[in-house]
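Under the working numbering, think of the first position of the sequence shown as 1, with each following residue one higher.
Please keep in mind that the hints were generated in silico from the structure rather than gathered at the bench. Please read these numbers as outputs of a predicted model, since none were measured by experiment. Any given hint could be a false lead.
[What the hints assert, rightly or not] With a straight-line cut-off of 16 Å between C-alpha atoms, the simulated EDC-like cross-links for lysine to aspartate or glutamate are:
| hint | residue 1 | residue 2 |
| --- | --- | --- |
| 1 | 321 | 244 |
| 2 | 321 | 261 |
| 3 | 324 | 289 |
| 4 | 153 | 186 |
| 5 | 153 | 61 |
| 6 | 153 | 138 |
| 7 | 153 | 137 |
| 8 | 321 | 287 |
| 9 | 325 | 287 |
| 10 | 215 | 261 |
| 11 | 321 | 61 |
| 12 | 324 | 244 |
| 13 | 325 | 273 |
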Amino acid sequence: MVTRTARPGSGDESGDADYGHLQLTTLDGWRSFVTEMHTAPNLLPTAMWTGLPEDKRDYYDDDRINHHSRLLVVQTPTIRQVITSGRRLVQLNRNAHYGRCGLMVSGPARTGKTTALTQLGKTVEVIHRRRHPHSADDIPVVYITIPPAATPKMIAMEFARFFDLPISRRANITDIADAVCGVSRDARVTLVAVDELHNLNTRTRAGAEASDTLKYLSERVPATFAYAGISLDRTGLLSGTRGEQIAGRFGMVRTGPFSQDQQWTALIAALEDSLRLHRHRPGSLPELDRYLHRRTHGMIGSLLWLIRSAAINAVLDGTEKITKKSLDAVDADITSESPAPPVG
């Protein structure tokens with residue numbers, strides 16, 4: 001008997017019907033991410049803004065709050081390096097029958113690893129769609145995350161869930177892997193993006209076997225594999241015989257906190273340019289670059305949290321601007337509040 005797991009937003013369960021597009025680990029969610037084009041809302045002239053009726057003001061404010069909740073993806077040097085390295089590997093592996101090379105993105109939490117990995121996937125898929133405009137059934141990119149305490153079957157099921165394959169509860173790992181590999185070849189998968197790889201504990205028997213399963217899939221699926229995770233060179237993943245094989249085939253891009261330099265100030269300026277606030281003074285955020293570095297320890301994830309939160313507050317409380325005082329009122333993440341930055 002075949003059982004299917006209903007995806008959130010598929011109409012098979014209660015709740016927000018739009019939730020499914022937020023799950024990158026499903027084909028529908030990934031395609032929504034690849035095709036979405038966010039445009040910043042236009043700021044109304046002051047006279048028109050102040051004269052809006054209450055219902056239209058609420059709609060206008062909600063639109064800006066939604067924009068500030070995501071802001072923009074800044075093309076940092078790390079993102080550019082991951083995209084360039086990933087695209088080069090895709091080309092190198094295109095005609096390889098075995099021994100394909102891969103990429104690892106490793107670093108502390110909140111340093112942009114997932115953003116870099118997903119932007120690589122998005123770039124690869126967009127290029128594929130442009131080159132093959134009539135291949136709607138192709139699935140050039142697969143994106144999965146490694147669950148905690150992962151086992152071989154759990155990893156295979158993550159692939160099956162992405163493809164929405166009808167897997168029976170009685171199916172064994174071999175059956176699932178065969179189905180995943182068959183669909184991957186038929187759908188012309190060229191990049192497999194695997195996130196949260198630090199959840200793979202190779203010091204346990206199940207974790208070691210799960211690592212072997214990933215290697216097995218990488219050999220059977222003619223695609224480039226790209227991994228991302230926290231401090232992967234310290235997890236034991238690269239130690240022992242298994243680790244030697246991985247280290248011999250994978251390059252690594254390391255992420256970390258920004259230094260307090262021109263790149264940091266330029267990042268803040270780019271985020272400020274995307275704000276849609278009526279009373280914010282242009283240039284005031286870059287002037288706070290030292291303060292923002294101290295608050296966030298240079299972590300891009302923490303910086304985004306801080307500025308997004310302050311921008312949303314500015315709309316909600318009607319101040320329509322971000323200042324040092326309003327930033328002080330935002331509780332940052334626990335890592336940023338620690339007295340010293342984490343060691344990468």
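**Study point:** Given hint residue 261 paired with residue 215 - CA-CA distance at most 16 Å
**Key:** Violated. Residue 215 to residue 261 sits at ~40 Å, over the 16 Å cutoff.
Practice item. Take the C-alpha atoms of residue 325 and residue 273, compute the straight-line distance between them, and say whether it is at most 16 Å. Key: 20 Å, violated
Review point. Has the given pair, residue 324 with residue 244, been kept, meaning a C-alpha gap of at most 16 Å?
Key: 49 Å, violated
Check your understanding: Is residue 153 within 16 Å of residue 138, Cα to Cα?
Key -> 25 Å, violated
Practice item. Given the hint that residue 321 pairs with residue 287, test it: the Cα-Cα distance must not exceed 16 Å. Key: 14 Å, holds
Review point. Does residue 186 lie within 16 Å of residue 153 when you go C-alpha to C-alpha?
Key: 22 Å, violated
Point to revise | 16 Å limit on alpha-carbon distance, applied to hinted pair residue 153 and residue 61 | key: Distance of about 46 Å is beyond 16 Å: violated.
Check your understanding: Straight-line Cα separation of residue 321 and residue 244 no greater than 16 Å?
Key -> Answer violated: residue 321 to residue 244 is near 53 Å, above 16 Å.
Exercise for review: Would you check the hint for residue 153 and residue 137, treating anything up to 16 Å between C-alpha atoms as holding?
Suggested key: 26 Å, violated
Review point. Taking only the CA atoms, is the gap from residue 321 to residue 61 under or equal to 16 Å?
Key: 14 Å, holds
Check your understanding: Keeping to a limit of 16 Å between CA atoms, is the pair of residue 325 and residue 287 held or broken?
Key -> Given that 16 Å is the threshold and the Cα spacing comes to 14 Å, the pair holds.
Exercise for review: Quickly compare the C-alpha distance for residue 324 and residue 289 to 16 Å and report which way the hint goes.
Suggested key: Given that 16 Å is the threshold and the Cα spacing comes to 11 Å, the pair holds.
Checked against the numbered hints given earlier, this structure breaks hints 1, 2, 4, 5, 6, 7, 10, 12, 13; the rest are met.
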